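Enquirer: Read off the chains here:
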Amino acid sequence: MIDRNGKLFGKISVIDLAVILLLIAFGIGLFLKFGVNETTSTRQSEAPMTFQLLWQNVRYEVAENLMVGDTLCSEDGSKLGKITDIQTEPAKQTYTDLDGIIKTAEIDQRIDITVIVEGSGVVNSEGKYMLNRNYELNVGASTNYVTKYVSFSGLMQEITWDGAA
Amino acid sequence: MAENLKKRKFNLFDGFIILVIIAAIVVLFAVNRNKGTTETEVGDTLRYLVEFVSITPETSEMIHEGDTIYTSTTKEKIGTVTSVEILDSTKQAIDYDTGRFVQSLEENKVAVHIWVEAPVTETDAALLIENTTSLKAGLTYGVLGPGYSAAGYVLTIERGVVNND
Numbered sequence: 001m002i003d004r005n006g007k008l009f010g011k012i013s014v015i016d017l018a019v020i021l022l023l024i025a026f027g028i029g030l031f032l033k034f035g036v037n038e039t040t041s042t043r044q045s046e047a048p049m050t051f052q053l054l055w056q057n058v059r060y061e062v063a064e065n066l067m068v069g070d071t072l073c074s075e076d077g078s079k080l081g082k083i084t085d086i087q088t089e090p091a092k093q094t095y096t097d098l099d100g101i102i103k104t105a106e107i108d109q110r111i112d113i114t115v116i117v118e119g120s121g122v123v124n125s126e127g128k129y130m131l132n133r134n135y136e137l138n139v140g141a142s143t144n145y146v147t148k149y150v151s152f153s154g155l156m157q158e159i160t161w162d163g164a165a
Numbered sequence: 001m002a003e004n005l006k007k008r009k010f011n012l013f014d015g016f017i018i019l020v021i022i023a024a025i026v027v028l029f030a031v032n033r034n035k036g037t038t039e040t041e042v043g044d045t046l047r048y049l050v051e052f053v054s055i056t057p058e059t060s061e062m063i064h065e066g067d068t069i070y071t072s073t074t075k076e077k078i079g080t081v082t083s084v085e086i087l088d089s090t091k092q093a094i095d096y097d098t099g100r101f102v103q104s105l106e107e108n109k110v111a112v113h114i115w116v117e118a119p120v121t122e123t124d125a126a127l128l129i130e131n132t133t134s135l136k137a138g139l140t141y142g143v144l145g146p147g148y149s150a151a152g153y154v155l156t157i158e159r160g161v162v163n164n165d
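Taken in order, these protein sequences are the chains called R and S. Sequential numbering from 1 applies to the first sequence in my numbering. Sequential numbering from 1 applies to the second sequence in my numbering.
The reader is advised that the hints may include incorrect statements.
To be verified - List time: in silico SDA-like cross-link candidates among lysine to any residue, alpha-carbon distance up to 25 Å:
| # | chain 1 | residue 1 | chain 2 | residue 2 |
| --- | --- | --- | --- | --- |
| 1 | R | K148 | R | K103 |
| 2 | S | K136 | R | K128 |
| 3 | R | K103 | S | A93 |
| 4 | S | K75 | S | L49 |
| 5 | S | K91 | R | A141 |
| 6 | S | K136 | R | K103 |
| 7 | S | K136 | R | A141 |
| 8 | S | K136 | R | G163 |
| 9 | R | K148 | S | K136 |
| 10 | R | K82 | S | G142 |
| 11 | S | K136 | S | D67 |
| 12 | S | K109 | R | M156 |
| 13 | S | K77 | S | E58 |
| 14 | R | K103 | R | E64 |
| 15 | S | K91 | S | E107 |
| 16 | R | K7 | S | I17 |
| 17 | R | K148 | S | L139 |
| 18 | S | K136 | R | D85 |
| 19 | R | K79 | R | V68 |
| 20 | R | K148 | S | E107 |
| 21 | R | K148 | R | D112 |
| 22 | R | K148 | S | G142 |
| 23 | R | K128 | R | G163 |
| 24 | R | K79 | R | T160 |
| 25 | S | K136 | S | T73 |
| 26 | S | K136 | R | K7 |
Derived by calculation from the structure, the hints in this document are not laboratory data. Note that the structure is a prediction, hence the values are computed from the model and not measured.
Pulled out of the complex, with its shape left as it was, chain S reads as follows (with noise of 0.2 Å):
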């Protein structure tokens, strides 16, 4: 038993160790002090608008408000609509008599704005819709609804949360 005791008492080396793991998590620490640190906020709810672009008028007649949309690729919820709006859809092409490139009007197409309420998980550098879909504006997802897929660009993030409190 006393032997035993001997055995377990700490030496210079076992302190060594001690402060290698210490040093290596300072380390690990200072190099990644310039990635995103999470601030999490539960219960918040963020606002985002995507367009549909050059879908069918028949497609658009499918989207309804309080529609539960989930990304293609993921299958994850990404939100409930909350409004829906038809407008024409637009191409970019070069106008020759005037010089310029224009939005032309798009036959047999609509595009479609839909508002998106969804609750979020806030980072330094993301914004995470259940906590798992990546939100930024200026990328395009696939999105799945009831019975419709469509690509939605995402024009507007609404800065602010909707809080549920």
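Next up, chain R with everything else stripped away, as it sits in the complex (with noise of 0.2 Å):
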């Protein structure tokens, strides 16, 4: 089958016929993953993804790290979006009292910081909220997300997207 020359039935090396089996696997996997996976499709464009997130209890000083106009960043550093808007209010929290009725109590110097990004992404057909195609954003998530200068827990609560669905 392989003669002295190593070609396949005297007309095409092993060499060359293994080149041509890994371009198919590269073509096969180049069409999966951007015409048919439905997170990392390209046939859906991106559209502006606007997001809220809240940050509970938190002191000034540390409040003062984190600006309109700063990127945010996932915890492994990939980029989620920049901060639009950044909206405080005083902190609260809920305890039981001496008749063990649960109540809820401002905290003194803490406040609760709502923090609002835009980034880009997509809705797929699943209606999951992709940004960048590959961050999958759920309200009710809590998340770490850190900026150049801050870390802090984000409790994710609204989600909008202008594109077409």
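Starting from two chains that each stand alone, build the complex the way the hints lay out.
Expert: Listed below in structure tokens is the structure:
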């Protein structure tokens, strides 16, 4: 089958055949990733995706490290978007009073911060909000985020997408 | 000799291999486009404020300007103390009379604020002290100084750097 020149049936070399198979596999991989896979498909165009994060019980000094215009990243350093607005209000927490009733009280010298971030992404056919096509956002999820200056745990409160479903 | 030269000629499949390598590099670059890129400014110094919470007065007396401090986890140098301020130690507690969370004084303990200066390398998503330790406000680091150890909470990182030039 393979002759003394390393050719298969005397026509094509084994190495050349391997390269052809590799190219075919590479082409199939690209098609699956960018043509078929819902998450990474480029058939649907990206549109602005805005989301709100709640950072609770924060000291004033630490809060000042967060600024409009900063880039928000995931913990692994992937860019998620730009901070477009920061809203603050007195921090609150629940406690059980002496009669056993659960109440909410303000916390001295602490604030709750709503961080509004604008990025870009898609909503796929399953209704998943995919920032940069590869980072899933979920309302109610508490995740660690970072900027160059600060790290915080943010509770996802709201996601809006300006694209066509 | 002539036969050897003939063997070294590029054929169509060699060209394919080169194209595949170039395509793989382009794909890798595209996939990682959202990761932080390094923008190093050699010779810059960063100033940041650290709080040691709830330490004994005896420990606080060991902290001095000029101390070189290290992280307790990696033993990497994280800067030099440039000022020390001793404050009351407080803890968050509910005041049932007013229905508010207040910062209650903690007996026999103090808080210490230290300003630290350290060489910094900047990337899009991080500030690296001594090229190793990523510094973020809102995080607690184990700190080792000459003869003492404490949990240091980073309160503030000054924006802009102290240029040594």
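Enquirer: Quick check: which numbered hints come out false for this structure?
Expert: 1, 2, 5, 6, 8, 10, 12, 14, 20, 26
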